[in-house]
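J.: These are the residues of each chain, in order.
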Amino acid sequence: MIVTGQIRKGAYFDSVTLMRVGKEIGSLPGVIDAAIVMGTKANKAILNSSGLLRAQFSNASDTDLLVAVKAKTEDAGQSALAGVDALLKKTAKTTASTEVPSVNLRGALDMLPDANLALISIAGRYAGDEAMRALENGLHVMLFSDNVPLEKEIALKKFAAKRGLLVMGPDCGTAIINGVPLAFANVVNRGNIGIVAAAGTGLQEVSCLISNAGAGISQAIGTGGRDVKKEVGGMMFIEALKALAKDEQTKVILLVSKPPHPQVLNRIKKVLKSIRKPVVTMFIGASDSTLEEAALTAVALSQRKKSDDVAKQLTARNIEIQRIAKREAGKRKNGQKYVRGLFSGGTFCAEAQILFSQMLTGVYSNAPTGKARQLKNSLKSQKNTVIDLGEDEFTVGRPHPMIDYSLRNKRILEEAADPETAVILLDVVLGYGSNPDPASELACVIRQARRNVSVVCSITGTDKDPQNRSRVEAALRKAGAIVMPSNAAACKLAGSII
Amino acid sequence: MRLVSIGDQIEEGIYPFHSRFHRAVNFRQGDRLVSVVHEQIGDGPLNIVLREFDAGETQNALEVGTDRINFDGRTLPFASQQRYCSVLNSHPGPHFREKLVVFRKILLKASHPKSLTFLLDDSRIRNFSSGFERAFARQVKFCVDEIFHGDRLNGVRTLAGCGIGLTPSGDDFIAGYLIGLNLGGTGVPASGQTADEVFEAARSDNIFSNTFLDLARQGRLFGRMKNLILALMHDSERAVQEMTNRLCAIGGSSGADLGTGFYVTMCKL
Numbered sequence: 105m106i107v108t109g110q111i112r113k114g115a116y117f118d119s120v121t122l123m124r125v126g127k128e129i130g131s132l133p134g135v136i137d138a139a140i141v142m143g144t145k146a147n148k149a150i151l152n153s154s155g156l157l158r159a160q161f162s163n164a165s166d167t168d169l170l171v172a173v174k175a176k177t178e179d180a181g182q183s184a185l186a187g188v189d190a191l192l193k194k195t196a197k198t199t200a201s202t203e204v205p206s207v208n209l210r211g212a213l214d215m216l217p218d219a220n221l222a223l224i225s226i227a228g229r230y231a232g233d234e235a236m237r238a239l240e241n242g243l244h245v246m247l248f249s250d251n252v253p254l255e256k257e258i259a260l261k262k263f264a265a266k267r268g269l270l271v272m273g274p275d276c277g278t279a280i281i282n283g284v285p286l287a288f289a290n291v292v293n294r295g296n297i298g299i300v301a302a303a304g305t306g307l308q309e310v311s312c313l314i315s316n317a318g319a320g321i322s323q324a325i326g327t328g329g330r331d332v333k334k335e336v337g338g339m340m341f342i343e344a345l346k347a348l349a350k351d352e353q354t355k356v357i358l359l360v361s362k363p364p365h366p367q368v369l370n371r372i373k374k375v376l377k378s379i380r381k382p383v384v385t386m387f388i389g390a391s392d393s394t395l396e397e398a399a400l401t402a403v404a405l406s407q408r409k410k411s412d413d414v415a416k417q418l419t420a421r422n423i424e425i426q427r428i429a430k431r432e433a434g435k436r437k438n439g440q441k442y443v444r445g446l447f448s449g450g451t452f453c454a455e456a457q458i459l460f461s462q463m464l465t466g467v468y469s470n471a472p473t474g475k476a477r478q479l480k481n482s483l484k485s486q487k488n489t490v491i492d493l494g495e496d497e498f499t500v501g502r503p504h505p506m507i508d509y510s511l512r513n514k515r516i517l518e519e520a521a522d523p524e525t526a527v528i529l530l531d532v533v534l535g536y537g538s539n540p541d542p543a544s545e546l547a548c549v550i551r552q553a554r555r556n557v558s559v560v561c562s563i564t565g566t567d568k569d570p571q572n573r574s575r576v577e578a579a580l581r582k583a584g585a586i587v588m589p590s591n592a593a594a595c596k597l598a599g600s601i602i
Numbered sequence: 003m004r005l006v007s008i009g010d011q012i013e014e015g016i017y018p019f020h021s022r023f024h025r026a027v028n029f030r031q032g033d034r035l036v037s038v039v040h041e042q043i044g045d046g047p048l049n050i051v052l053r054e055f056d057a058g059e060t061q062n063a064l065e066v067g068t069d070r071i072n073f074d075g076r077t078l079p080f081a082s083q084q085r086y087c088s089v090l091n092s093h094p095g096p097h098f099r100e101k102l103v104v105f106r107k108i109l110l111k112a113s114h115p116k117s118l119t120f121l122l123d124d125s126r127i128r129n130f131s132s133g134f135e136r137a138f139a140r141q142v143k144f145c146v147d148e149i150f151h152g153d154r155l156n157g158v159r160t161l162a163g164c165g166i167g168l169t170p171s172g173d174d175f176i177a178g179y180l181i182g183l184n185l186g187g188t189g190v191p192a193s194g195q196t197a198d199e200v201f202e203a204a205r206s207d208n209i210f211s212n213t214f215l216d217l218a219r220q221g222r223l224f225g226r227m228k229n230l231i232l233a234l235m236h237d238s239e240r241a242v243q244e245m246t247n248r249l250c251a252i253g254g255s256s257g258a259d260l261g262t263g264f265y266v267t268m269c270k271l
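Going line by line, the protein sequences match chains A and B. For the first sequence, the positions run 105 to 602 when the numbering used here is used. For the second sequence, the positions run 3 to 271 when the numbering used here is used.
Quick caveat, the hints were computed from the structure, so don't treat them as lab data. For every residue, glycine included, the Cβ atom is placed at its ideal position computed from N, Cα and C. One thing to keep in mind: the hints can contain errors.
[Said to hold, decoys possible] What the simulated footprint calls covered on chain A by chain B, stretch by stretch (three residues with Cβ under 8 Å from a Cβ of chain B suffice, anywhere in the stretch; the number is not a length): (1) 112 to 122; (2) 244 to 250; (3) 316 to 322; (4) 473 to 485.
[Said to hold, decoys possible] Computed list of chain B residues with no C-beta within reach of chain A, every gap over 12 Å: (5) 24; (6) 32; (7) 34; (8) 61; (9) 76; (10) 91; (11) 122; (12) 154; (13) 161; (14) 168; (15) 259; (16) 269.
[Stated by the list, open to error] A short list of chain A residues far from chain B (calculated; beta carbon distances all over 12 Å): (17) 127; (18) 148; (19) 282; (20) 376; (21) 381; (22) 544.
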């Protein structure tokens with residue numbers, strides 16, 4: 105083993121660059137450890153205590169850069185040192201192109217003249233004008249902002265439709281365009297299934313289920329929930345559908361939404377008649393179908409399998425659900441008779457209500473759908489309660505519950521302490537933008553709640569997500585949660601335990 | 003280019019070129035630096051903020067007059083209202099301690115995994131994986147313990163210069179410590195002697211570090227830090243979140259390291 109190194113006089117780099125380069129050198133063949141640091145007295149002491157100090161470093165000053173490599177052989181050490189220049193240049197180039205974000209659309213277009221999409225996330229009252237500027241420049245728009253006036257949305261969408269452009273949003277939280285996840289989105293396989301969704305977490309759920317089933321996504325286009333209302337008329341839902349119909353990579357189309365206004369539905373049906381590709385529709389609440397069933401049907405179609413296979417798969421799942429439900433029901437004490445669903449995803453909350461309405465009586469929610477009744481006080485559960493923690497009443501002054509778990513964690517413990525609670529039902533949404541470490545935030549709370557009640561949850565995500573689905577699942581199982589593969593399966597289990 | 007603001011510590015004079023970064027050109031003013039910066043960097047006691055900033059190639063000196071500057075061959079006027087005031091003329095409100103809890107939470111979320119926030123949450127130590135990083139984390143922990151529970155100046159002396167980048171994490175932490183010391187209880191620099199001793203113990207050959215340590219010693223705050231403290235004193239939790247996120251956006255880990263120093267100090271005082 106040898107320690108080799110070099111001094112670079114007066115070379116300045118920021119810490120992120122040096123960390124990145126140090127890590128890359130450390131992973132080179134034959135290298136045991138490496139560090140690139142400024143030559144301060146303190147850093148020399150640390151190099152010494154980590155076995156990376158070279159005698160020559162004593163000549164370096166605070167403003168010199170020290171490169172130290174511990175390697176198995178002299179050759180490996182020298183080869184690593186020889187690569188430092190290239191790595192520093194590479195990083196400097198990357199930094200130079202990304203470090204100065206533009207302050208306006210014009211500047212951004214100067215930096216990226218070939219861009220064809222603008223993602224806009226600014227205060228709603230300004231977002232509409234910025235979106236119009238983007239459209240005028242020939243860009244598709246993803247409008248993450250909410251609180252954009254309805255008239256503005258209509259004007260934007262009319263303008264875009266005339267020019268063959270898409271306006272995803274307002275309040276569009278997720279999309280995957282040409283393999284690039286935008287805003288809250290997951291890292292999924294690329295493939296031949298195209299999605300149009302007016303339901304954000306619905307899009308995330310189906311895209312992850314498709315990817316986890318071994319198929320992939322060509323494009324996933326969000327429209328914002330208001331698009332399928334009467335006033336907007338489904339303008340972008342229909343444009344997106346037409347775009348996927350023309351897209352060569354898309355072989356199967358999957359539509360996800362809460363039920364559109366009847367007039368909008370008629371327009372969609374009219375367009376569907378002219379499309380020759382298979383289309384799976386999932387209008388939550390319009391039928392008994394679930395997001396999972398729709399996703400698996402799209403997978404079967406894309407892989408030219410029989411749709412019976414999906415039915416068989418789900419029947420086998422239902423048998424397993426009944427087995428687990430029986431086991432969990434056996435643990436209930438007298439008086440434990442209700443399910444309490446605490447959701448971060450609005451679509452999941454809606455799907456839960458639809459499924460529970462077929463299984464349970466007395467379902468309440470702060471965002472009622474179908475037969476569920478309005479909760480009098482969102483902070484206090486009644487009978488079977490399903491809460492959408494992403495509603496404005498919970499998010500004013502705090503981050504979205506997909507990011508900040510504190511409010512839900514508190515509520516989990518409150519519900520677990522209620523002698524009438526039998527099951528706590530949760531969704532855990534992974535991907536970009538979501539809580540970076542959900543397992544460590546949830547595990548201790550689940551462990552406590554598990555002493556009194558069953559905890560059932562679903563995880564929306566993939567192993568390629570920054571949080572890694574398998575790792576999160578293992579941690580939550582270890583904490584005592586029953587982890588189901590989809591929101592629908594989790595809801596069915598929770599309802600069956602009651 | 004248009005001048006947006008000019009720091010209150012920049013005096014009239016001619017300052018020779020020192021160095022150039024992507025979003026800043028630095029000029030020497032005695033043993034500290036005056037920086038002409040991009041708007042994204044923001045206000046500071048020694049910053050001249052320009053809209054449509056272009057670092058150019060110039061190595062000419064910067065000239066500062068009473069109502070104009072000359073930078074890269076261009077004369078840019080400014081009015082007295084454009085002087086950035088770096089002093090905090092306010093006192094902690096009744097909910098300051100509660101807001102500190104919010105600050106800690108967001109700091110942990112928004113900071114670089116290898117920042118000094120492991121001092122606030124032990125589990126973050128796992129982000130330090132290489133031999134050097136582990137030794138670094140041990141050293142920092144030792145120094146911080148020394149500052150708060152042992153020989154303060156020895157702790158500062160040993161912490162100064164710890165860290166890999168141009169402005170070592172240890173220096174950023176000490177700057178946060180100085181800001182915290184100055185704020186302790188009264189909102190005005192009350193422990194001048196302590197602050198001077200700490201600054202002297204931390205001073206090195208690194209002019210970048212010396213500049214911000216000197217400013218912190220005097221209770222002179224750059225915009226993002228001042229806004230954060232004002233939010234902690236008087237504004238909503240949402241404002242604290244926003245300002246913490248902005249602080250953490252400084253450098254790789256500099257903002258978070260400074261914030262950690264400030265938080266730890268405020269909790270110990």
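J.: Beyond 12 Å from every Cβ of chain A: is that where the Cβ of residue 32/B lies?
T.: holds (17 Å)
J.: For residue 24/B, is the shortest CB-to-CB distance to chain A above 12 Å, so the non-interface label stands?
T.: violated (5 Å)
J.: For residue 259/B, is the shortest beta carbon distance to chain A beyond 12 Å?
T.: violated (9 Å)
J.: Over 12 Å to the closest beta carbon of chain A is the bar; see if residue 76/B clears it.
T.: The claim holds: residue 76/B sits with its nearest Cβ about 19 Å from chain A, beyond 12 Å.
J.: Verify this label for me: residue 61/B is non-interface relative to chain A, using a Cβ-Cβ cutoff of 12 Å.
T.: At roughly 15 Å from the nearest Cβ of chain A, residue 61/B sits farther out than 12 Å, so the non-interface label holds.
J.: Does residue 127/A really sit off the interface, with its C-beta more than 12 Å from all C-beta atoms of chain B?
T.: violated (8 Å)
J.: When you look at the beta carbon of residue 161/B, is every beta carbon of chain A farther off than 12 Å?
T.: violated (7 Å)
J.: Taking C-beta pairs only, is residue 381/A more than 12 Å away from all of chain B?
T.: At roughly 42 Å from the nearest Cβ of chain B, residue 381/A sits farther out than 12 Å, so the non-interface label holds.
J.: For residue 376/A, which was marked as not at the interface, is the minimum beta-carbon distance to chain B over 12 Å?
T.: holds (44 Å)
J.: With 12 Å as the threshold, tell me whether residue 269/B passes as away from chain A on beta-carbon distances.
T.: Label holds. Min Cβ-Cβ 19 Å, cutoff 12 Å.
J.: How does the stretch 316 to 322 of chain A fare against chain B when you require at least three residues with a CB closer than 8 Å, holds or violated?
T.: violated (count 0)
J.: Please check whether the stretch 112 to 122 of chain A has three or more residues whose CB lies within less than 8 Å of a CB on chain B.
T.: With 7 residues close enough to chain B, the hint holds.
Checked against the numbered hints listed earlier, the structure breaks hints 2, 3, 4, 5, 13, 14, 15, 17, 18, 22; every other hint is satisfied.
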